[in-house]
Amino acid sequence: MILSTTQDDRHVDDGDLIRLRDGECPLSEERMLRDHLANCDTCRENLERIEQLADGFFAAMERVQPSSATQPSPNKAPNVATIGARKAQQKHWHSRRPVRVAAAIAAVLALTLTTAPARALVAAGWSTVKTLFVGAPPASDEPQQATSLVSFVPQGDAFLIDFLHTQSRGTLSVVVDTVNTASARVMGGDGQDEIIVLQAGLRVRNRTTSAASYELRLPRSLQDIEVRIAGRTVATFSTAGMTQAARWEVDLTGRREG
Amino acid sequence: MNADELFCKHQPALLRYLTRYTGDPEVAADATQHAYLKLVESPPREDDNLRAWLFTVATNVVHDGWRHDGRAQRLLQSAESLLEPQDLPDPQASAEYTERLEFARKLLMRVSDKERTILLMWVEGFAHKEIAEVVGTTTRTIGPTIARALKKMSKQIDEFLREDL
Chain R
108 MILSTTQDDR HVDDGDLIRL RDGECPLSEE RMLRDHLANC DTCRENLERI
158 EQLADGFFAA MERVQPSSAT QPSPNKAPNV ATIGARKAQQ KHWHSRRPVR
208 VAAAIAAVLA LTLTTAPARA LVAAGWSTVK TLFVGAPPAS DEPQQATSLV
258 SFVPQGDAFL IDFLHTQSRG TLSVVVDTVN TASARVMGGD GQDEIIVLQA
308 GLRVRNRTTS AASYELRLPR SLQDIEVRIA GRTVATFSTA GMTQAARWEV
358 DLTGRREG
Chain C
261 MNADELFCKH QPALLRYLTR YTGDPEVAAD ATQHAYLKLV ESPPREDDNL
311 RAWLFTVATN VVHDGWRHDG RAQRLLQSAE SLLEPQDLPD PQASAEYTER
361 LEFARKLLMR VSDKERTILL MWVEGFAHKE IAEVVGTTTR TIGPTIARAL
411 KKMSKQIDEF LREDL
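In the order they appear, the protein sequences are chains R and C. For what it's worth, my numbering labels the leading residue of the first sequence as 108, then goes sequentially. For what it's worth, my numbering labels the leading residue of the second sequence as 261, then goes sequentially.
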């Protein structure tokens with residue numbers, strides 16, 4: 108069962124935390140687990156510990172790369188767009204759940220978007236979200252030098268940006284504009300962070316030690332955009348009815364401002 | 261897609277997996293080639309998950325003492341020709357790489373063969389269902405097995421993370 112019983116307290120067992128981390132739970136179970144985690148310090152600490160061990164293990168294994176894995180040849184191109192050191196063909200599990208992701212976004216938005224639709228910004232607690240501009244972008248709004256760039260065409264009208272972890276530094280800039288093709292770029296960092304393009308979103312396999320920043324340019328046809336960090340929704344943007352470009356910045360450290 | 265193309269597509273991940281699994285780049289390269297041999301000799305059914313099939317075969321090859329199997333050196337030479345020069349283990353590998361390999365090997369010695377397979381397929385991005393098929397268990401047991409294995413290695417991982425900061 109999902110929650111194990113230990114004396115007086117019921118907690119999520121470690122195996123289910125791994126299943127949750129890996130996106131292996133059915134939506135109803137995932138929702139139940141996240142509800143529990145939102146109210147249980149013990150389980151959140153356990154999840155952080157499991158993620159710390161998982162990150163450490165992945166990092167130790169990634170240091171062991173045959174040279175071909177770090178220098179892919181053109182005729183071994185990955186079949187899913189990714190940015191980062193690891194290859195997309197390892198990650199096809201991420202593309203298994205587009206319908207589920209879209210459904211999750213729809214469910215979350217149905218529950219949380221109670222404000223007026225036009226340019227509504229619903230920023231949740233612990234991460235700082237700034238509106239950099241709505242309307243014409245400032246002249247100096249030149250993107251920084253990017254280390255990686257990927258373009259893609261999102262499907263549907265909902266979009267999930269899912270960071271696996273908070274970072275030591277870095278921001279996510281979300282630009283919504285009249286573009287047809289979405290693009291994502293990584294700036295700074297050490298090249299170890301990875302963006303995986305899903306059918307209705309992006310997953311960023313980052314590390315808690317990362318200092319990379321990310322810029323995401325999305326078409327206005329996407330009406331509902333959710334930013335999730337370490338399993339928590341930190342911001343949702345609704346662009347329904349929007350007629351101008353807009354740019355938001357989300358702090359990835361999880362620190363509160365002030 | 262013919263066997264050569266299939267092999268080329270999956271070979272980097274397979275080689276990476278086997279290098280970590282065995283802790284020996286040379287053994288990993290040989291086992292990768294033996295997996296190719298199996299692909300040529302007894303290919304999977306069309307509806308099989310080829311990637312999972314290859315990993316199953318490669319893991320079995322390592323466990324089955326394949327080094328004593330000298331049936332088809334000619335085919336092995338053919339497989340070797342598919343490997344690009346940089347795919348092959350570098351005898352002049354740096355001390356740093358050797359150290360990393362040794363750390364990974366010692367880390368994985370703390371878990372069982374089955375846990376090692378599960379962990380390394382997990383690193384390669386396999387779904388729990390695929391991993392379960394390869395190791396012959398149920399999907400629901402994969403998460404608990406990974407968690408248990410991580411706990412077994414926790415002391416070493418913590419030390420690694422402290423050194424890595």
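If you are wondering where the hints come from, they were derived from the structure by calculation, not from laboratory data. No experiment lies behind these values; they were computed from the predicted model shown. Each hint should be verified, as a subset may be incorrect.
[Stated by the list, open to error] Straight line, CA to CA, 20 Å or less: simulated DMTMM-like cross-link-like pairs of lysine to aspartate or glutamate:
id	chain 1	residue 1	chain 2	residue 2
1	C	411	R	356
2	C	366	R	120
3	C	415	R	169
4	C	366	C	418
5	C	411	R	322
To see whether the hints hold, each was checked on the structure:
no., hint, in the structure
1, 411(C) with 356(R), "37 Å, violated"
2, 366(C) with 120(R), "27 Å, violated"
3, 415(C) with 169(R), "19 Å, holds"
4, 366(C) with 418(C), "14 Å, holds"
5, 411(C) with 322(R), "36 Å, violated"
Checked against the numbered hints above, the structure violates hints 1, 2 and 5; every other hint is satisfied.
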